[in-house]
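Chemist: Could you build the full structure based on these sequences and the hints that come with them?
Heads up: the protein sequence lines correspond to chains A and B, in order. Per our numbering, numbering through the first sequence is continuous, rising by one, with the last residue being 222. Per our numbering, numbering through the second sequence is continuous, rising by one, with the last residue being 401.
Hints listed in this document are in silico derivations from the structure and should not be mistaken for laboratory results. Please note: incorrect hints may appear among the correct ones.
[Stated by the list, open to error] Below, in silico cross-link-like pairs of lysine-lysine (DSSO-like), each with a Cα-Cα straight-line distance of 27 Å or less:
| # | chain 1 | residue 1 | chain 2 | residue 2 |
| --- | --- | --- | --- | --- |
| 1 | B | K130 | B | K173 |
| 2 | A | K215 | A | K194 |
| 3 | A | K113 | B | K11 |
| 4 | B | K351 | B | K120 |
| 5 | A | K79 | B | K11 |
| 6 | B | K102 | B | K245 |
| 7 | B | K16 | A | K113 |
| 8 | A | K65 | A | K79 |
| 9 | B | K173 | B | K120 |
Predicted model, so just to flag it, every value in this text is computed and none were measured.
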Amino acid sequence: MAVKAESIAKRYFRKTGGANYFYAVKPLTLEIEAGEVAVLTGRSGSGKTTLLNILSGLLAPTEGKVWIDSTDLYSLDDKSLSRLRGERIGVVPQGRSAIDTLTVLENILLPAKLYGRPLPVEAASRWMERLDIANLRDARPAELSGGELRRMAIVRALAQSPDFLFADEPTGDLDDENTNLVLSAFRDYAHEQKKAVFVVTHENDALQYADHIYKMDGGQIM
Amino acid sequence: MTMKHFSLSLKNLLRKPGRTVTLALLTAFLALAVFGGSVVVLSLRSGLNSLEARLGADIILVPSEAQSKVSFQNMFLQGTTGAFYMDAAVLDKALEVEGVEKAAPQTFLASLKADCCSIKIQVIGIDPEKDFTVQPWIARSLTRELGDMDVAVGCKVEAGMGEIIRIYEQRCKVVARLEATGTGLDTAVYCNMNTMNALLAAAEEKGVSHKIESGDAVISAVYVKVKDGCDIDAVNNRLNSHIRKVAAVRTRSMITGVSDSLAGVSRTVTLLIAAVWALAFIILLLAFALIIRERAREFDVLRLVGASRGMLSRMVLLESSLCGLLGGLIGVGLAALLLFPFAQLIESALKLPYLMPDVGKALLLAAGTILLSVAVAALSSVVAAYRLSRIDPGTALREGN
Ligand SMILES: Nc1ncnc2c1ncn2[C@@H]1O[C@H](COP(=O)(O)OP(=O)(O)OP(=O)(O)O)[C@@H](O)[C@H]1O
Ligand SMILES: [Mg+2]
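Modeler: Dropping the structure here:
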């Protein structure tokens, strides 16, 4: 079980010097394997989010292919790709990602609900407990702090037991204690349940939980 | 579309009651216009058909002074009471005219005030032997002929079967209640000529005169049926020149007058409906565009957690359809609340025959209107749903930040 990026690149239109396009991600090949935590660091604007989005099926690359096992992700139509993402891929985005009309627990159970899967209520409770937001299960997202919202998004991804978990700066607005809670949860998830975890972060703390460390600069992996 | 989406959509609607109600009210406005408008037009049309059937003759002969009076037409259209008389010999003269197949007399008498009714009623005497217009109608509720001092009452006369009503102190027995026609005839009371003669005599004593210069026997109108194949206009002209001081009026011309105003009302109503629709459609279109924009984050999140474009579009369509359904129900309900209890008021305001559709037809119309509301609401959200489905989840999330 693995995600393989094969010579992927993402080009955007933008006037830069002579050319009127630039590479947010320059052609690169990468493999993320089950049972491991991969950490990606790099300066702001170096292409980390773009790469994460491409790997997680959210953004089609302009070049190259992304394979999940033997499936070419971007050859799938929207319906199949969405279903595959809903079933096997969990994403914690960089920004806020709550539906305000739903409670915290409803937000967490939403992915399963979309596809009519049995609701992972137990897993949700367990992860909420572990990330210290169990008392917020019936609260509305509007009442939550930034860090609480972030942990809600993390539990939402974890509770679905995805084969591949992508987290974009999941500890950006967390204190040291919570940062360690989250990172150790990721590590245990990868190691114990034999899943692939890919984390984008600025935190040096994250490095000690990593099985692989990638560093990005100017759209390239160093 | 499965239950899980349905419950999610329903939750969305319930958790944003303000938004839901606004959208529903917009559609309710549409439904109100459509349902209300069609009921009015339909009622007018059946009123007209019923009037045509009730008149049932090709030509009506009335005293020439009556024809110039508006009252003659209004008697049929609005149920104003009135009376005018001519020599009974007009009937025989009419039968002499070439092309006349049947002729039947009617005699009118306006009651002053009968104790049965708060309204003044029009009493109409018919000759059961000769009549061919009223009896088929009476036959639907009475299997025998009208006996002496028997009356058949229109549906708006407040007197039950078997009840005795007094007209100029004469006691008449209600033996039939007639179906609604939506015309002025609904406030009329029918009796045979013997009864009418007794009533005329009694009225005379009360000082209500029906005397004319020549002859004793009087009638008010003669209903004429023209032989098949004969030109009705030609017969009409012959009647006019053959009988003095009498006007022959083609019933068609009466109906045409009504038809014309009906067409006018229909056109106005149709235009109004079209205008309301166009306006509401545009408002709905804008409303959905705004709402989708406001909900962009929500849709991005749904995309993030695995919802496909199709799922989002279906969800938007389902939600708008539900709003449309709610709006349709409200609108139709409101229209029914306005139209059915106030039918009388509408009728007198329009001054046209007005016959409300029966329950079955009304329900069918209501169902159609609700369906239409759902369709319009869904349609106006299609653009928004489509635009929504075009965005990449990755790009969308970036824009949301
Ligand atoms: N949709 C887009 N159109 C044009 N340029 C884009 C688009 N998305 C990203 N970029 C550019 O691509 C580059 C990489 O962006 P990206 O978001 O991947 O950076 P990042 O490493 O995640 O930065 P940060 O650490 O600040 O989140 C940036 O220069 C950004 O401006
Ligand atoms: Mg980023």
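Chemist: The structure should be examined with respect to each hint, and the outcome stated for every one.
Modeler: Each hint, compared with the structure:
no. : hint             : in the structure
1   : B/K130 to B/K173 : holds (22 Å)
2   : A/K215 to A/K194 : holds (24 Å)
3   : A/K113 to B/K11  : holds (13 Å)
4   : B/K351 to B/K120 : holds (18 Å)
5   : A/K79 to B/K11   : holds (24 Å)
6   : B/K102 to B/K245 : holds (21 Å)
7   : B/K16 to A/K113  : holds (20 Å)
8   : A/K65 to A/K79   : holds (18 Å)
9   : B/K173 to B/K120 : holds (18 Å)
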